[in-house]
Amino acid sequence: MDNALVQPDPGLFVWTILVFLVLLYLLKRYAWGPLLAALDERQAGIRKSLDDADRARKELEQVQQESEAIIGKARGEADAIVSEARSDSAKLREDLRRQAQQEAQSIVENAERQIQQERDRALAQIRREAVDVSIMIASKLIRRNLSPADNQALIDEALKQIQPPA
Amino acid sequence: MPQPHQAEPTEHATDHAVDHGAEHGEGGFDAGEVIIGHVTNSSPDHPILHLPAVFGIDFSISKHVFMLLLVATAVFLLITTTVRRYLQQERLVPDGFMNALEFIVEFIRDSIVLPNVGAKYVRTWAPLILTFFCFILSANVIGLIPIFEVLGLIDHTVLHTGEHSLVKNIVHGGTTATANFNVTAALATITFFAIIIAGTLAHGFIQHWKNLVPHGLAWPVYILLIPIEIMGMFVKPFALTMRLAANMTGGHIAIFAILSFVFLFAQAFGSNLAGIGVGLFVSVPLAVGINGLEIIVVLVQAYVFTLLSAVFIGMAINVHH
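One line per chain: the protein sequences are A and B, in this order.
The opening residue of the first sequence carries number 1 in the numbering used here; numbering runs sequentially from there.
The opening residue of the second sequence carries number 1 in the numbering used here; numbering runs sequentially from there.
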């Protein structure tokens with residue numbers, strides 16, 4: 001082959017393979033290997049941080065929901081406590097009022113009863129004294145002693161007249 | 001060797017091809033020879049550095065070997081220092097060139113390697129595919145930059161070293177290594193073996209070869225299919241070889257052909273002014289346009305070689321029939 005463009009050149013062929021393989025080895029060892037590893041690592045890092053961010057957001061949402069639930073529950077409980085206290089106090093007030101009323105009533109009743117008793121007793125006393133006075137006056141008037149049986153009959157008769165009809 | 005008279009005055013019109021025109025033209029300007037001299041390897045008789053042959057293979061450092069070593073060294077130093085500096089940081093914040101490198105690495109890993117090879121083998125094959133891309137792209141790009149032509153011009157005008165001196169040989173090293181089909185064939189051979197290794201890693205050595213043809217067909221089909229698949233095995237790297245080499249050669253030939261107009265016109269009209277005029281108004285604008293196109297081609301070819309290698313490796317791993 002005379003044409004220099006298509007001149008076979010085994011030396012160049014072998015040189016090319018040698019040069020390329022050495023270059024491939026060196027680049028793989030010192031450049032591509034570490035670089036590809038670093039790129040993969042970075043990719044993994046980005047993916048991981050995105051995942052982490054996602055997870056953190058979800059957790060945050062969950063925590064927010066939980067805290068909202070807790071706050072809601074606490075608010076409900078507080079409401080319940082307040083209303084219970086309110087009803088308790090109302091009941092207590094009502095009880096106290098009723099008790100006081102009852103006490104007052106019983107005091108009044110006692111007083112009335114005592115007054116009644118006193119009055120009855122006074123009335124009986126007055127009647128007895130009135131009888132004694134009447135007997136004394138009557139015995140003075142008739143000037144004679146009646147027998148105790150006569151006396152008693154007379155007293156009963158007189159009492160009947162004095163005592164108001166039952 | 002007499003300096004050709006027509007080359008000298010037009011040196012300022014273009015910085016391409018001038019010194020080579022001077023070297024090859026003897027009496028008349030032979031555009032074909034200049035172009036071929038530019039895009040081909042140094043002749044086996046005049047390598048940059050003579051090395052002894054091993055097993056009958058000449059291991060001398062020719063232009064293209066020199067370019068390969070240069071590209072490999074540049075790629076290794078650039079990428080390794082960038083990556084090391086990046087990884088030494090406390091927090092991995094890419095800056096400067098690392099941004100571009102990270103984009104390339106992630107693009108190749110996620111858009112080329114991953115869809116073809118599958119998630120399981122990404123870390124196995126990404127380094128190879130990445131190295132393919134960086135090496136081929138760098139070789140393509142360095143071939144596109146006429147740095148050595150400029151140095152050659154300096155040598156030609158200032159240093160005046162003798163023919164085939166070490167300086168001259170190194171300075172004339174500026175060609176696209178990937179435009180030589182020996183180089184691309186070697187790269188495709190690596191793909192060829194990578195396919196076999198990928199299939200073996202994924203399915204075992206025997207099963208890899210069985211996977212070449214779909215199973216469960218009538219035996220007469222196999223008589224047809226097995227040779228076709230075996231042919232296909234070699235056609236794949238062959239296509240890789242030719243596509244890259246031809247694309248890299250084509251653009252350079254077009255640029256040199258257009259720049260040759262300068263000398264052809266100067267010769268035809270016997271006037272340097274004609275050459276300068278053509279150079280200013282035709283050759284340089286056209287060459288600039290083609291150079292712009294070449295920038296795209298350089299990227300696309302590196303991408304295509306890389307992508308197809310990944311696709312072939314992926315086909316051996318994920319067998320669909």
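Keep in mind that a hint or two might mislead.
[What the hints assert, rightly or not] DEER-style ranges, computed between Cβ atoms: (1) A:8 <-> B:200: 27 to 33 Å; (2) A:40 <-> B:73: 24 to 30 Å; (3) B:96 <-> A:74: 57 to 63 Å; (4) A:54 <-> B:73: 45 to 51 Å; (5) B:77 <-> A:54: 51 to 57 Å; (6) B:204 <-> A:47: 32 to 38 Å; (7) B:207 <-> A:40: 25 to 31 Å; (8) B:200 <-> A:45: 33 to 39 Å.
No lab work stands behind these hints: they were computed from the structure.
Remember, it's a predicted structure, so these values are computed and weren't measured experimentally.
Backbone N, C-alpha and C fix where the C-beta goes; we use that ideal spot for every residue, glycine too.
Residue 77 of chain B and residue 54 of chain A, beta-carbon distance inside 51 to 57 Å?
violated (43 Å)
Just to be sure I understand the hint, the distance between the Cβ atoms of residue 204 of chain B and residue 47 of chain A should be within 32 to 38 Å; is that true here?
holds (34 Å)
Hint says 25 to 31 Å; check whether the CB-CB distance for residue 207 of chain B and residue 40 of chain A agrees.
Distance hint for residue 207 of chain B, residue 40 of chain A holds at roughly 29 Å.
Does 24 to 30 Å hold as the CB distance between residue 40 of chain A and residue 73 of chain B, or does it fail?
holds (28 Å)
Against the range 27 to 33 Å, how does the distance between the Cβ atoms of residue 8 of chain A and residue 200 of chain B compare: consistent or not?
holds (29 Å)
Residue 54 of chain A versus residue 73 of chain B beta-carbon gap, inside 45 to 51 Å or not:
For residue 54 of chain A and residue 73 of chain B the Cβ distance comes to about 47 Å; the hint holds.
For the hint 57 to 63 Å, verify it against the beta carbon of residue 96 of chain B and that of residue 74 of chain A.
Taking Cβ atoms as reference, residue 96 of chain B and residue 74 of chain A lie about 59 Å apart, which means the hint holds.
Has the hinted range 33 to 39 Å been met by the Cβ atoms of residue 200 of chain B and residue 45 of chain A?
holds (34 Å)
Checked against the numbered hints above, the structure breaks only hint 5 and satisfies the rest.
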